[in-house]
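A.B. asks: Sequence:
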Amino acid sequence: MRAVQITAYDGKSESLSVVDLPVPRPGPGEVLVKVFASPVNPSDLMFLRGLYGFKKPLPAVPGFEGSGTVVDSGPGILGGFLKGKRVACAAADERITGGMWAEYLVTSAKLCIPLRKEVTLEQGAVMLVNPMTAWGLIEEARLGGHKAVVQTAAASALGRMIVRLGQRFSLPVINIVRRPEQVELLRKLGAEHVVNSEEGNFEARLRDLCHRLSATIGFDAVGGELSLRVLRAQPNGARLLVYGALSLTPCQVDPASLIFDSKRIEGFWLTSWLKKKSLMGQLR
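Residue numbers 1 to 284, in my numbering, belong to the letters of the sequence shown in order.
Be a bit skeptical, because a hint or two may be false.
Stated by the list, open to error - Pair by pair, the computed Cβ-Cβ distance ranges are:
#1 PRO59 <-> ALA204: 47 to 57 Å
#2 LEU248 <-> GLU199: 16 to 26 Å
#3 LEU258 <-> GLU199: 19 to 29 Å
Unchecked claim - In silico EDC-like links for lysine to aspartate or glutamate, alpha-carbon gap of 20 Å or less:
#4 LYS34 <-> GLU103
#5 LYS275 <-> GLU118
#6 LYS83 <-> ASP72
#7 LYS276 <-> GLU266
#8 LYS110 <-> GLU94
#9 LYS276 <-> GLU94
#10 LYS83 <-> GLU103
#11 LYS55 <-> ASP10
#12 LYS110 <-> ASP72
#13 LYS34 <-> GLU122
#14 LYS56 <-> GLU14
#15 LYS117 <-> ASP93
#16 LYS275 <-> GLU139
#17 LYS85 <-> GLU139
#18 LYS147 <-> ASP208
#19 LYS147 <-> GLU192
#20 LYS276 <-> ASP93
#21 LYS85 <-> ASP72
#22 LYS56 <-> GLU103
#23 LYS275 <-> GLU94
#24 LYS85 <-> GLU103
#25 LYS275 <-> GLU103
#26 LYS55 <-> GLU139
#27 LYS56 <-> ASP10
#28 LYS147 <-> ASP261
#29 LYS55 <-> GLU14
#30 LYS276 <-> GLU139
#31 LYS276 <-> GLU140
#32 LYS34 <-> ASP20
#33 LYS85 <-> GLU140
#34 LYS85 <-> GLU122
#35 LYS110 <-> ASP93
#36 LYS34 <-> ASP72
#37 LYS56 <-> GLU94
#38 LYS55 <-> GLU94
#39 LYS56 <-> ASP20
Hints in this document: simulated from the structure, not taken from any laboratory. The beta-carbon is built from N, C-alpha and C at its ideal position, and this holds for glycine as well.
All chains, full assembly: derive it from the sequences and hints.
C.D. replies: Take a look at the structure:
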């Protein structure tokens, strides 16, 4: 089979190549998936740079999620049930040696979700990482009793999902973007509160919205200086959950916000969040 393979965790194109590898065989509790499609998510780019939460032994095949058809299975009831079915599947586990950027993947049967007839394989390829992260973040806000949310990278695919979920649960979302066309994009989705971080009155507008709506929880996919600006704008006692690092720079923090305003900045990793959930909770 053909597969994309990396030989170093440096993010350089020279470390990527298309190679021929043997088709893997599924073991107990595993399935063999003939891959149809796999996206390139920010988490994949972090993996290529060696910045993700784990590394696989080199050379490694990247790709954390995708879709395909289960063509074989090892011993186990679930794998046998999935055989022949179209699935959304994941390889975002350090125990899985392969990756989605290949023609075939062996993964745990527990990391496969059968697709309904009306769901295409293209849609199935992107129905795990971003949707589940968005759901997890919104659940953190709802279970924490927060009255409103502020988010960065609001025009991204995941950010737009948070906009929709906020509408579904009547949870106001303050959306931060950095280009005028992104403002218009979110307006068309029905977003009420959109601010452009490149405008001169950004910090004043953001602070006004955060305090007026009581946005005591934030979701940050960018990091760097923007983390500092968002946390400063939030009310006392606020949390800022960092789930991405699009700026590729460390989050900046004002110690005074932590000491005197009782604010917190912490990480959110879908893998860790799911481990805290029961199986039914994950599928709910």
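A.B. asks: Are there hints from earlier that the structure breaks, and if so, what are their numbers?
C.D. replies: The structure conflicts with hints 5, 15, 17, 25, 26 and 33, although it agrees with all the remaining ones.
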